[in-house]
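Build the complex: two chains, separate frames, hints provided.
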Amino acid sequence: MLHERAGELSHRLVEHLVLSLSATLIAVVIGVSMGMLALRSRHVRDTILGFASIVQTVPSLAMLTFLLPFFGIGTKPAIIALTLYALLPIVRNTYSGLSEVPRAMLEMADALGMTRTQRMLWIEARFAIPFVLAGVRTAAVVSVGIATLSAFIGAGGLGVFINRGLALNNTDLVLFGAIPAGLLALYLDGCLATVEGFLKPLRNTRRLLAQAVGLLLIGITSAAGLSTMSDSSGSVGDADAPRVVVGSKNFTEQLILGQMVAVLLEERLGYRVERRLNLAGTAVCHEALTKGEIDLYVEYTGTALASVLQQDPPREPDEAWRVAKDEYAQRFDLVWLPRLGFANTYALAVRKRDAQANGWTAVSDLARDADRLRAGFTSEFLERDDGFPGLRRRYGLRFASVVDMDPGLMYDAARTGQVDVISAFSTDGRIAAFDLFVLDDDLRFFPPYDAGIVARGEFLRGHPEARALLEELSGRLDEEAMRRLNHAVDGEGRAPIEVAREFLVARGLI
Amino acid sequence: MPGTDGSDNGVVRLEGVGKSYDGGRTFAARDVTFAVARGETVVLLGSSGSGKSTVLKTINRLIEPTEGVVFVRGENSSAMRAVELRRSIGYVAQEVALFPFLSVAENLALPLRVQGVGKQERRAKALEALGWVNLTDDLADRMPFQLSGGQQQRVGVARALLAGADLLLMDEPFGALDAVTREALQDEVVRLGEEKEVSILFVTHDLFEALRLGDRIGVMHQGRLEQIGKPSELMNRPSTDFVRELFEKPKRQLEVLEQ
Numbered sequence: 001m002l003h004e005r006a007g008e009l010s011h012r013l014v015e016h017l018v019l020s021l022s023a024t025l026i027a028v029v030i031g032v033s034m035g036m037l038a039l040r041s042r043h044v045r046d047t048i049l050g051f052a053s054i055v056q057t058v059p060s061l062a063m064l065t066f067l068l069p070f071f072g073i074g075t076k077p078a079i080i081a082l083t084l085y086a087l088l089p090i091v092r093n094t095y096s097g098l099s100e101v102p103r104a105m106l107e108m109a110d111a112l113g114m115t116r117t118q119r120m121l122w123i124e125a126r127f128a129i130p131f132v133l134a135g136v137r138t139a140a141v142v143s144v145g146i147a148t149l150s151a152f153i154g155a156g157g158l159g160v161f162i163n164r165g166l167a168l169n170n171t172d173l174v175l176f177g178a179i180p181a182g183l184l185a186l187y188l189d190g191c192l193a194t195v196e197g198f199l200k201p202l203r204n205t206r207r208l209l210a211q212a213v214g215l216l217l218i219g220i221t222s223a224a225g226l227s228t229m230s231d232s233s234g235s236v237g238d239a240d241a242p243r244v245v246v247g248s249k250n251f252t253e254q255l256i257l258g259q260m261v262a263v264l265l266e267e268r269l270g271y272r273v274e275r276r277l278n279l280a281g282t283a284v285c286h287e288a289l290t291k292g293e294i295d296l297y298v299e300y301t302g303t304a305l306a307s308v309l310q311q312d313p314p315r316e317p318d319e320a321w322r323v324a325k326d327e328y329a330q331r332f333d334l335v336w337l338p339r340l341g342f343a344n345t346y347a348l349a350v351r352k353r354d355a356q357a358n359g360w361t362a363v364s365d366l367a368r369d370a371d372r373l374r375a376g377f378t379s380e381f382l383e384r385d386d387g388f389p390g391l392r393r394r395y396g397l398r399f400a401s402v403v404d405m406d407p408g409l410m411y412d413a414a415r416t417g418q419v420d421v422i423s424a425f426s427t428d429g430r431i432a433a434f435d436l437f438v439l440d441d442d443l444r445f446f447p448p449y450d451a452g453i454v455a456r457g458e459f460l461r462g463h464p465e466a467r468a469l470l471e472e473l474s475g476r477l478d479e480e481a482m483r484r485l486n487h488a489v490d491g492e493g494r495a496p497i498e499v500a501r502e503f504l505v506a507r508g509l510i
Numbered sequence: 001m002p003g004t005d006g007s008d009n010g011v012v013r014l015e016g017v018g019k020s021y022d023g024g025r026t027f028a029a030r031d032v033t034f035a036v037a038r039g040e041t042v043v044l045l046g047s048s049g050s051g052k053s054t055v056l057k058t059i060n061r062l063i064e065p066t067e068g069v070v071f072v073r074g075e076n077s078s079a080m081r082a083v084e085l086r087r088s089i090g091y092v093a094q095e096v097a098l099f100p101f102l103s104v105a106e107n108l109a110l111p112l113r114v115q116g117v118g119k120q121e122r123r124a125k126a127l128e129a130l131g132w133v134n135l136t137d138d139l140a141d142r143m144p145f146q147l148s149g150g151q152q153q154r155v156g157v158a159r160a161l162l163a164g165a166d167l168l169l170m171d172e173p174f175g176a177l178d179a180v181t182r183e184a185l186q187d188e189v190v191r192l193g194e195e196k197e198v199s200i201l202f203v204t205h206d207l208f209e210a211l212r213l214g215d216r217i218g219v220m221h222q223g224r225l226e227q228i229g230k231p232s233e234l235m236n237r238p239s240t241d242f243v244r245e246l247f248e249k250p251k252r253q254l255e256v257l258e259q
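Chains A and B, in that order, are what the protein sequence lines are.
Note that the working numbering gives residue 318 to position 318 of the first sequence, counting from 1, and the numbers run on in steps of one.
Note that the working numbering gives residue 200 to position 200 of the second sequence, counting from 1, and the numbers run on in steps of one.
Calculated from the structure, these hints are not laboratory results.
Hints may contain errors.
What the hints assert, rightly or not - With beta-carbon atoms standing in for the labels, derived distance ranges:
| no. | chain 1 | residue 1 | chain 2 | residue 2 | range |
| --- | --- | --- | --- | --- | --- |
| 1 | B | Gly23 | A | Arg103 | 21 to 27 Å |
| 2 | A | Val44 | B | Gly49 | 29 to 35 Å |
| 3 | B | Thr136 | A | Gly197 | 28 to 34 Å |
| 4 | A | Gly197 | B | Lys119 | 26 to 32 Å |
| 5 | B | Glu183 | A | Leu37 | 55 to 61 Å |
| 6 | B | Glu183 | A | Ile54 | 56 to 62 Å |
| 7 | A | Met120 | B | Thr136 | 41 to 47 Å |
As the list claims (entries may be wrong) - Residues from chain A that face chain B, not an exhaustive set, calculated with beta carbons under 10 Å:
| no. | residue |
| --- | --- |
| 8 | Leu25 |
| 9 | Phe70 |
| 10 | Pro102 |
| 11 | Ala104 |
| 12 | Met105 |
| 13 | Glu107 |
| 14 | Arg126 |
| 15 | Ile129 |
| 16 | Phe459 |
Even glycine gets a Cβ: it sits at the ideal position worked out from N, Cα and C.
Extracted from the complex, chain B is given alone in its bound form (with noise of 0.2 Å):
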């Protein structure tokens, strides 16, 4: 059980935290209190309006909760300035990951622009970071229109890196893909949180990426953090009909395959 005073060791901790608009008349999300623990990956699953991208956003404050407290590192961010805390946070959107009129290498090194780092220093983190997600050296130069879907969120990917090197928040990040391009970015995830321990909150509407990437899962429903727990637990021991009538077809696609 963990502690109020945030002395545990998740990366991230959530605790009833809720957001409300209209002085508290409709809410997008309620009560949602998991943590994420080091180099885990939690996955949180929903439809669109589920408030899934809100309790994502509570994290780095580009949403500021209205109830409940949010722990990074063991510290309530409300607490900090919220610069300092983006700056020390990565985050990939489904959107607009890179800006059109910066260079690939000036993308990447825009974390660490806005920290003041050098030019020179900033330029070989960059093409360091390229390496991380399978990129060559000669895209650092190229624009973004001239690099395909896969490259410019591989490109965004690795940006959130430079920026939070232990914990990443992914809101819907490969929904705009074709399916192999999404399924190789989603293999290049497992890889990076299995190889440099990061800490993944990762944001999904679809359920096999749920599975194929999530140590734990979290299911979102009208605000409500319905369930969390491992794949297995979802499967097998569903705590509401919403979760039993979400996880069917694939513990029953699963049982099929035992046979």
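So here's chain A without its partners, still in its complex pose (with noise of 0.2 Å):
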């Protein structure tokens, strides 16, 4: 694996480099202001400090949803989130570094007729910078940690390994995002602490300087180099070809979707096609594309509907489809294209045993064993009125514990009798590679998830030639289909490239 993905490792070495490296120095920059006007007054600094503090205190992915409207996806908000981290170790630092100048230093500096920037730029800085550097390597490894999680909103790095990594099931993927992520940030940390070193208040300052201009210089320099080593693994393809971003969910169906439609645009049109996938859910994938930062990506209508027009979905799928055309076109100008053919609604999965121990079929019957059942659902089926709320009303569920799980460790939770229900996707192919059975929704609860092509009017417009060639996709996949391509990936573990890829050969589509 190394070796076939070392050309993508040091591209994401360089991405997660550049993120956090870049909010680190913005970081700086913020923070060590902050942390000199902290010295003004009482009031002042407890009003800094707690802003940062509480900054601090907000889950990452948190953050990065928070963020979400007002910046999009992508580097940005990436870069203003982990900025926002980094912020509190070099604030209080600084703080406390100036705090602590002696008081006979800073009376001898007046003493001999310093004026206020002369004593802050001579003195006060040069004694205080030891200490904000301890705050600069906290906020630097800090960073290269919490980078890992850009990866949600699309800003690239190594989390992009661990996302597909924990969509795939794969953990060999999540180590080789991982381990590199760790080893980044101890090389940081090491560097940092070389420079703290040389930084000691009895050293000299120019002999410092010099030191520190060829440490950068050195970073510099390797930096320099990893990004030409990268640069031959960039995009191929036409520099006048236009140019389309494809989006997609961070689950394997999508993934695969995803790259159906960017390789039929590549090989079929030429395109130069972006991917952004592995996107963290459908409110990212949808301020994306209504931003215009992504131009279509795969949704499903009981989706649409539910989570983002908030309206009670139809329970006619033709209906559900209609319904969900027309407002996205009106509210904001997005087209769905026909339909792909199959629908991948919600469902409870139990172990097939278990269904056959204590004669389960339907979600009815499981109701009645619920209060010794540990389930495990996604956070978006936790918090969608379409999923555990509405079931667990519909149906009067009273499970003995619910867990939040990543969708990619769920089904292995379930085969491996670590929570007893899970809410499955239909199309899953771990249903049948995992031995697991759908409960039917005999209460007719889950809305229909037909799957199709959402894009922006405005690309369509612009490329008639796209929308001709996407619409081939119409009718093509239904459930049986895609439940075998989500095998291929989630239980042969080959990679959604290659298992779309073979998936338009076979139907002539390329």
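Following this line, the structure appears as structure tokens:
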């Protein structure tokens, strides 16, 4: 794996480094100023340190989601979030460094006739630098860690491997991202520790500057080296060809469909396709689409109605599709292309042997025994009205425990007996592969989830040939076909792009 | 009798200087009047809390007096820019004489650097200043921690001389030094006062240091200047009981020596 992914690894490593270092640098500028401001008065200090501490307590994923409506997806919100996290150690250390300058030293500086600025630059700053640097060290390590989450909002970095690994239930891939991230954190910490050593108060300022410049040059040279390495793995294609950004959510089916659309546009129309796959859920994809940061992705009618349009979806599939299509066109200038042919509805799944032993065939049967069962649901399922909250009301479900789980880990947890009930998707390849059983939704609670490509109206008007091509996918994928594709990835460990391409070739689409 | 227009020859003159806190409820110094003539060394002697350091610091405005006027070279100091005033006065403190992250030469050159003097000139002056206090050139590029306490304080004195060639304020500068080093440095101060015609205001709590250095000694007690005069005047014609008791011991020793 190392061999075939070396190119992407160095590319992601550079992305990761750029994300965390630029956030750290911005945080240094803002944090040091805030730290200096905090010296003004007790009130200002409490406000500033309070703000920085509160920011620190916001969970990172929540922060990214919170920034989404304002900054969309990509590098910008990721850097903003990372900067916010990096602030606290820098502000706090700057403040304590500056407030610990000995009084006698300040008095001597005054007695020598230094102006406020001279005193700040020559004495206070120099005294505080080792403190500030210790803060920067913490900030840099924190940034490298949190930057792995930026992949959720399409900002790249080593988190891409981790996300993909989680989505595909592939531990090797998770480690392939996690280990370099850990090493990078250690390396940065080591570099900064060296600089910190140089900056001990007894050191001569001039010699120190020379050393700092030297270290910086080494850093820049190695970064430049790395990026030339990674350039070779950059995008191929005609520079004049139309450009399209394809998005997807972060689970196997979405990755396959995203790759399918991307490959189709590349091979048939020669488009330059940028892949923003693995985005963290419906809200992120929809936000990115309305902001024009992606041009299209595959959505499901029920999800569109309940999560995006916030209305109770009609239970009749064609009616649901019509409502979604009209509302999207009217409200967002987004176009639903004709449906792909399968529905991926939510379903409750249990181990097949449990179902047989207890005589469960429908959710109503399960409801009787729910109080001794452990449920593992995705966060999205737990939150959505068309998910667990509504389901619980309809069936009167009361589970012994409900755990919030990553979609990639959930099926495995059911297979290995860590949970008894999961929120499965009807097309998931692991249902068959892991010997799971889908319970019948006998009270017809789950709305229809027909899959279809949603694209920006503006993009389709500008690229009629793309619209015509994408419509060729309509009706080509039934549930059975989708489940097989999903299984090829989840069960057989094959790459989504490979599986997608094979499907397109088999159906004569490319 | 000095005139209030500040036209006399005193390098420093204080008139009714006082410093109060809490809107006048507590006084660190009160109604202090004296002058330091050109080339003269005046020692302010007092125990801790007597207000001697406060008085010294009103001169370079590290402390702003709440009453009275300080004249420096004939000018009302409160009308001058504090930064300009301080740049013209040498200051030696007891603690942290030198900045630990600057070399000896860089420390020495600070009074020139604040005024924007160029690098080469600063270096040349710094080397020259080392000679004034009997230190050799090879110390120039050392860091302060590589120097002995006595050497550090000599650098401190040299730096003060670079700033104010005619006026030094010394705030218990040798308090932290051992007796031998302290005496050597006291000799240095006496020599500088004579050779370079520097006016020195020296603060100490050590009676013998005061006797050794002071052309005149001002005795501070509870924020007030009890008496100021030549050592012989203080011994022979003390104006308060406090001064008499203070000088009893040296007076007796002197009488023993004379017999």
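Each hint tested on the structure:
For glycine 23 of chain B and arginine 103 of chain A, the Cβ-Cβ distance of about 24 Å falls inside the hinted range of 21 to 27 Å, so the restraint holds. Roughly 34 Å separates the CB atoms of valine 44 of chain A and glycine 49 of chain B, a value that falls within the hinted 29 to 35 Å. Between threonine 136 of chain B and glycine 197 of chain A the C-beta distance comes to about 31 Å, which sits within the given range of 28 to 34 Å. The hinted window of 26 to 32 Å between glycine 197 of chain A and lysine 119 of chain B holds, with their beta carbons roughly 28 Å apart.
In this structure, glutamate 183 of chain B and leucine 37 of chain A break the distance hint of 55 to 61 Å, their C-beta atoms being roughly 49 Å apart. One distance hint, 56 to 62 Å for the beta-carbon pair glutamate 183 of chain B and isoleucine 54 of chain A, holds here, with the actual separation near 60 Å. A beta carbon spacing of about 34 Å between methionine 120 of chain A and threonine 136 of chain B contradicts the range 41 to 47 Å that was offered as a hint. Nearest Cβ of chain B to the Cβ of leucine 25 of chain A: about 24 Å, over the 10 Å cut. The hint is violated.
Restraint check, phenylalanine 70 of chain A versus chain B: the minimum CB separation of about 43 Å is more than 10 Å; hint violated. This hint holds: proline 102 of chain A has a C-beta 6 Å from the nearest C-beta of chain B, less than the 10 Å allowed. The beta carbon of alanine 104 of chain A comes within 4 Å of a beta carbon in chain B, closer than 10 Å, and the hint placing it at the interface holds. Proximity of methionine 105 of chain A to chain B holds as hinted, the smallest CB-CB distance being about 5 Å (cut-off 10 Å).
Interface hint at glutamate 107 of chain A: satisfied, since its Cβ lies 6 Å from the closest Cβ of chain B, which is below the 10 Å cut-off. With a cut of 10 Å, the hint placing arginine 126 of chain A at the interface with chain B holds, because the nearest CB-to-CB distance is about 5 Å. For isoleucine 129 of chain A, the interface hint holds, the least distance from its beta-carbon to any beta-carbon of chain B being 9 Å, beneath 10 Å. Nearest Cβ of chain B to the Cβ of phenylalanine 459 of chain A: about 59 Å, over the 10 Å cut. The hint is violated.
Checked against the numbered hints given earlier, the structure breaks hints 5, 7, 8, 9 and 16 and satisfies all the rest.
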